[in-house]
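In order, the protein sequences belong to chains A and B.
Each residue of the first sequence is one higher than the one before, starting from 5 at the first, in my numbering.
Each residue of the second sequence is one higher than the one before, starting from 437 at the first, in my numbering.
Hints were generated in silico from the structure; no laboratory data involved.
C-beta: ideal position from N, C-alpha, C; glycine also.
Warning: the hint list may mix true and false statements.
Straight-line Cα separation of at most 25 Å, BS3-like style, residue types lysine-lysine; simulated pairs [what the hints assert, rightly or not]: (1) B:830 with A:140; (2) B:475 with B:757; (3) B:596 with B:788; (4) B:475 with B:507; (5) B:834 with A:140; (6) B:680 with B:647; (7) B:507 with B:752; (8) B:759 with A:140; (9) B:475 with B:788; (10) B:598 with B:541; (11) B:665 with A:140.
Every beta carbon over 12 Å from chain A, so not counted as near; a handful from chain B, in silico [unchecked claim]: (12) 506; (13) 583; (14) 624; (15) 731; (16) 742; (17) 755; (18) 801.
If the Cβ cut is set under 10 Å, some of the chain A residues that face chain B in the computed set are [what the hints assert, rightly or not]: (19) 5; (20) 18; (21) 129; (22) 132; (23) 139; (24) 238; (25) 239; (26) 273.
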Amino acid sequence: MESWEILLQQVINGVSLGAMYALLALGFTMVYGIIELINFAHFNIFMVGSFIAMWVMQLMGFTGQSHVLYGLPLTAMLVFVLCVTMVATGVLGALIERFGLRALRGVSGTAPMITTIGLSYILFNVILLGAGADTKNYSNPMPNIRWEFGDAVLHLRELILWGVSLVLMLALHYFVRRTKMGKAMQATAQDQEAARMVGVDVDRVVIITFFIGSALAGAAGVIFGLYYNYTNFGIGYTAGLRAFTAAVLGGIGNIPGAMLGGVLIGLIESLGGQYLAVRWTDVIIFSILVLVLVFRPTGLLGRASPTKS
Amino acid sequence: MKQSRHTRRAFNFAAVASVAVLASVAGISGLQAQQKTIKLGITLPLTGADADDAAKIKNGFQIAIDEANAKGGVAGYKIETVVFDSATATAGQYDPAQAATNTKKLVSDPAVVANLGPQMSGEGKAMTPILSEADLATITPSSTNPDITNPAMAGTFKPKGKAIYFRTVTTDAFQGPNMANFFAQNLKVKSVYVLDDSGAYGVGIADSFQKQAEKDGIKVLGRDQLNPKEADYTTILTKIKGLKPDALYYGGVAQAGVKLAKQAYDIIPNMIKGGGDGIQGGSFLKGGGFPAVEGWYSTNAGPHLTEDPAAAAFVKTYQDKYKDVPSDYSITAYDGAEVVLDAIKRVADSGKEVNRANVRDAMQTSNLKTLQGAVSFDENGDIKDRTVSVFQYKHDAKYPDDDLTHQNPYIGVAPQS
Numbered sequence: 005m006e007s008w009e010i011l012l013q014q015v016i017n018g019v020s021l022g023a024m025y026a027l028l029a030l031g032f033t034m035v036y037g038i039i040e041l042i043n044f045a046h047f048n049i050f051m052v053g054s055f056i057a058m059w060v061m062q063l064m065g066f067t068g069q070s071h072v073l074y075g076l077p078l079t080a081m082l083v084f085v086l087c088v089t090m091v092a093t094g095v096l097g098a099l100i101e102r103f104g105l106r107a108l109r110g111v112s113g114t115a116p117m118i119t120t121i122g123l124s125y126i127l128f129n130v131i132l133l134g135a136g137a138d139t140k141n142y143s144n145p146m147p148n149i150r151w152e153f154g155d156a157v158l159h160l161r162e163l164i165l166w167g168v169s170l171v172l173m174l175a176l177h178y179f180v181r182r183t184k185m186g187k188a189m190q191a192t193a194q195d196q197e198a199a200r201m202v203g204v205d206v207d208r209v210v211i212i213t214f215f216i217g218s219a220l221a222g223a224a225g226v227i228f229g230l231y232y233n234y235t236n237f238g239i240g241y242t243a244g245l246r247a248f249t250a251a252v253l254g255g256i257g258n259i260p261g262a263m264l265g266g267v268l269i270g271l272i273e274s275l276g277g278q279y280l281a282v283r284w285t286d287v288i289i290f291s292i293l294v295l296v297l298v299f300r301p302t303g304l305l306g307r308a309s310p311t312k313s
Numbered sequence: 437m438k439q440s441r442h443t444r445r446a447f448n449f450a451a452v453a454s455v456a457v458l459a460s461v462a463g464i465s466g467l468q469a470q471q472k473t474i475k476l477g478i479t480l481p482l483t484g485a486d487a488d489d490a491a492k493i494k495n496g497f498q499i500a501i502d503e504a505n506a507k508g509g510v511a512g513y514k515i516e517t518v519v520f521d522s523a524t525a526t527a528g529q530y531d532p533a534q535a536a537t538n539t540k541k542l543v544s545d546p547a548v549v550a551n552l553g554p555q556m557s558g559e560g561k562a563m564t565p566i567l568s569e570a571d572l573a574t575i576t577p578s579s580t581n582p583d584i585t586n587p588a589m590a591g592t593f594k595p596k597g598k599a600i601y602f603r604t605v606t607t608d609a610f611q612g613p614n615m616a617n618f619f620a621q622n623l624k625v626k627s628v629y630v631l632d633d634s635g636a637y638g639v640g641i642a643d644s645f646q647k648q649a650e651k652d653g654i655k656v657l658g659r660d661q662l663n664p665k666e667a668d669y670t671t672i673l674t675k676i677k678g679l680k681p682d683a684l685y686y687g688g689v690a691q692a693g694v695k696l697a698k699q700a701y702d703i704i705p706n707m708i709k710g711g712g713d714g715i716q717g718g719s720f721l722k723g724g725g726f727p728a729v730e731g732w733y734s735t736n737a738g739p740h741l742t743e744d745p746a747a748a749a750f751v752k753t754y755q756d757k758y759k760d761v762p763s764d765y766s767i768t769a770y771d772g773a774e775v776v777l778d779a780i781k782r783v784a785d786s787g788k789e790v791n792r793a794n795v796r797d798a799m800q801t802s803n804l805k806t807l808q809g810a811v812s813f814d815e816n817g818d819i820k821d822r823t824v825s826v827f828q829y830k831h832d833a834k835y836p837d838d839d840l841t842h843q844n845p846y847i848g849v850a851p852q853s
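Generate coordinates for the entire structure from the input sequences, incorporating the hints supplied.
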């Protein structure tokens with residue numbers, strides 16, 4: 005491999021990782037933006053999403069690479085699996101908000117955050133006990149289509165990953181900027197009391213935020229499974245921590261920031277691994293995070309919130 | 437009024453409790469009149485990424501114990517087991533801290549006279565200081581890190597001086613280097629990239645492989661470390677692809693190994709790939725699956741046994757009882773349990789008290805004919821036999837995909853240095 009081929013390949017690897025982190029980071033950032041809560045249950049909603057998608061595909065008769073689909077049937081199948089999973093994890097997120105966190109809203113201090121850690125462990129253990137501890141071979145209906153640029157390879161699954169992430173992020177951006185509900189979200193984020201005064205149903209806004217954030221985590225779970233061809237009960241931790249870091253790097257509470265942060269972390273991971281060493285990955289990522297926060301405490305795109313003192 | 441009700445309740449509770457205690461004491465002494473009982477510990481990572489291999493080992497122990505009990509016990513003693521799981525959900529595989537906690541519980545039970553296990557050297561390193569203080573010997577059918585029995589590190593791993601870590605397999609002082617010889621002599625490998633999974637076993641075997649590879653004239657193009665909880669190894673595999681070594685050697689267990697195999701199949705499909713006994717077994721085979729594991733070489737730190745005629749009866753018993761095929765380490769586990777049972781018998785026959793110290797001393801002087809041949813130990817607890825066997829995953833459609841014996845056929849003995 006020539007050095008430009010290696011660089012190209014590592015950029016492809018990094019962007020793929022980054023797209024997944026970005027999807028996952030959006031959920032953190034949306035919830036934080038609205039109610040200033042770091043939702044650690046998000047880690048494992050992502051993990052549950054990968055299991056739900058696997059079970060849906062298994063119910064449809066896809067195990068391992070038993071059936072390979074092309075063209076329209078593949079698209080239809082992936083869209084269907086994504087929709088089912090996103091609705092299921094979205095509902096899970098909404099339930100967590102309604103029954104786990106609403107009662108704690110307005111409680112100051114760390115109690116709500118600790119509650120999300122507890123909820124995260126509950127999800128983790130439910131899957132551990134229900135599905136077992138072993139690594140599952142993921143259902144994979146995608147053909148092994150690849151394009152070669154010299155020695156660098158781009159797979160169909162990478163294109164699908166980028167495409168799905170991009171579409172979901174654009175849809176989210178449009179939703180927040182253009183729809184009435186989106187505007188209600190922005191209003192709630194800026195000032196809950198004032199939003200309530202002008203007639204925004206804050207409870208509804210919060211629960212919808214959880215629904216959307218968790219649905220995106222579910223989508224990331226589907227993509228994870230299809231991309232790496234495995235899942236187990238423990239995948240939430242590493243990916244979740246990286247995504248959280250991405251959200252902070254981009255500026256927590258800021259949606260474009262989460263996307264930028266995700267892609268940056270992905271690229272740092274792959275290029276750092278190539279030109280330094282894989283064993284230093286975490287050191288590199290967190291050093292950069294610390295440096296950014298020292299010089300820009302609100303993250304790359306974050307702005308100090310106007311209403312919070 | 438309130439006070440007296442409390443007192444009465446406390447009295448009632450005390451009365452019930454004392455009756456229960458009396459009843460249980462009577463129960464125990466009644467049992468003891470029939471047969472004396474001694475306990476053996478079993479410590480393995482029964483959940484997590486290596487669960488399948490651990491189950492194969494546990495079944496090996498269990499068959500030996502069941503056979504002994506069916507014959508009326510060992511020298512009149514009925515053998516009971518106390519089983520501990522040393523894997524945790526947070527680690528996703530064996531967890532040294534959990535292994536240490538379990539060992540503390542184990543040594544606090546005076547009826548336990550010896551332990552069977554662990555599977556992993558990472559567990560072993562955490563267990564040995566506690567075992568040594570308690571004079572409780574253990575025998576491992578699969579843990580191969582040489583540090584644990586290295587006399588130069590006795591201060592760390594056997595502070596009381598006597599060997600307490602016995603093995604029915606050899607160590608990575610031979611497993612890694614012999615595989616390097618196999619790479620150089622049999623596969624004509626000229627350059628290699630070495631990875632480990634940051635565990636005690638993985639780092640150790642990768643180090644010993646690398647050292648011998650350099651001696652054999654193989655150029656080591658690089659060495660890196662995987663985080664076993666990480667999902668993505670495409671970065672390091674792309675780097676390796678760019679360096680174009682003849683071969684990749686992975687020192688580590690299944691958690692990282694499975695993901696490495698899946699992604700390597702895509703990125704470096706034609707490169708020679710191999711590892712140690714950490715990827716020799718059902719966990720790697722089932723988790724990785726074909727075609728990802730196709731072509732991977734693996735080793736065992738002992739002779740190949742499951743197809744040995746001497747073990748045929750054992751293999752049949754195993755298959756009937758557990759509806760699964762045993763691994764070679766099921767047999768070294770069976771042998772290990774046999775060594776312990778034989779030691780208990782010799783202590784009892786000599787008229788000495790069956791306790792930890794005496795069982796340990798008897799294990800040290802073992803010379804027992806087992807399924808793998810005569811087993812005896814040097815003064816550090818290491819087995820005297822130093823065979824390392826090589827296998828290669830090769831899909832055989834005639835047999836089930838998880839049939840280890842047929843999907844991972846034996847190639848031969850790795851060349852000694």
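Going through the hints against the structure:
{"no.": "1", "hint": "B:830 with A:140", "in the structure": "holds (21 Å)"}
{"no.": "2", "hint": "B:475 with B:757", "in the structure": "holds (23 Å)"}
{"no.": "3", "hint": "B:596 with B:788", "in the structure": "holds (22 Å)"}
{"no.": "4", "hint": "B:475 with B:507", "in the structure": "holds (17 Å)"}
{"no.": "5", "hint": "B:834 with A:140", "in the structure": "holds (24 Å)"}
{"no.": "6", "hint": "B:680 with B:647", "in the structure": "holds (20 Å)"}
{"no.": "7", "hint": "B:507 with B:752", "in the structure": "holds (19 Å)"}
{"no.": "8", "hint": "B:759 with A:140", "in the structure": "holds (21 Å)"}
{"no.": "9", "hint": "B:475 with B:788", "in the structure": "holds (17 Å)"}
{"no.": "10", "hint": "B:598 with B:541", "in the structure": "holds (21 Å)"}
{"no.": "11", "hint": "B:665 with A:140", "in the structure": "holds (15 Å)"}
{"no.": "12", "hint": "506", "in the structure": "holds (31 Å)"}
{"no.": "13", "hint": "583", "in the structure": "holds (20 Å)"}
{"no.": "14", "hint": "624", "in the structure": "holds (23 Å)"}
{"no.": "15", "hint": "731", "in the structure": "holds (17 Å)"}
{"no.": "16", "hint": "742", "in the structure": "holds (22 Å)"}
{"no.": "17", "hint": "755", "in the structure": "holds (21 Å)"}
{"no.": "18", "hint": "801", "in the structure": "holds (40 Å)"}
{"no.": "19", "hint": "5", "in the structure": "holds (4 Å)"}
{"no.": "20", "hint": "18", "in the structure": "holds (8 Å)"}
{"no.": "21", "hint": "129", "in the structure": "holds (7 Å)"}
{"no.": "22", "hint": "132", "in the structure": "holds (5 Å)"}
{"no.": "23", "hint": "139", "in the structure": "holds (4 Å)"}
{"no.": "24", "hint": "238", "in the structure": "holds (4 Å)"}
{"no.": "25", "hint": "239", "in the structure": "holds (6 Å)"}
{"no.": "26", "hint": "273", "in the structure": "holds (7 Å)"}
Hint compliance for this structure: every hint is met.
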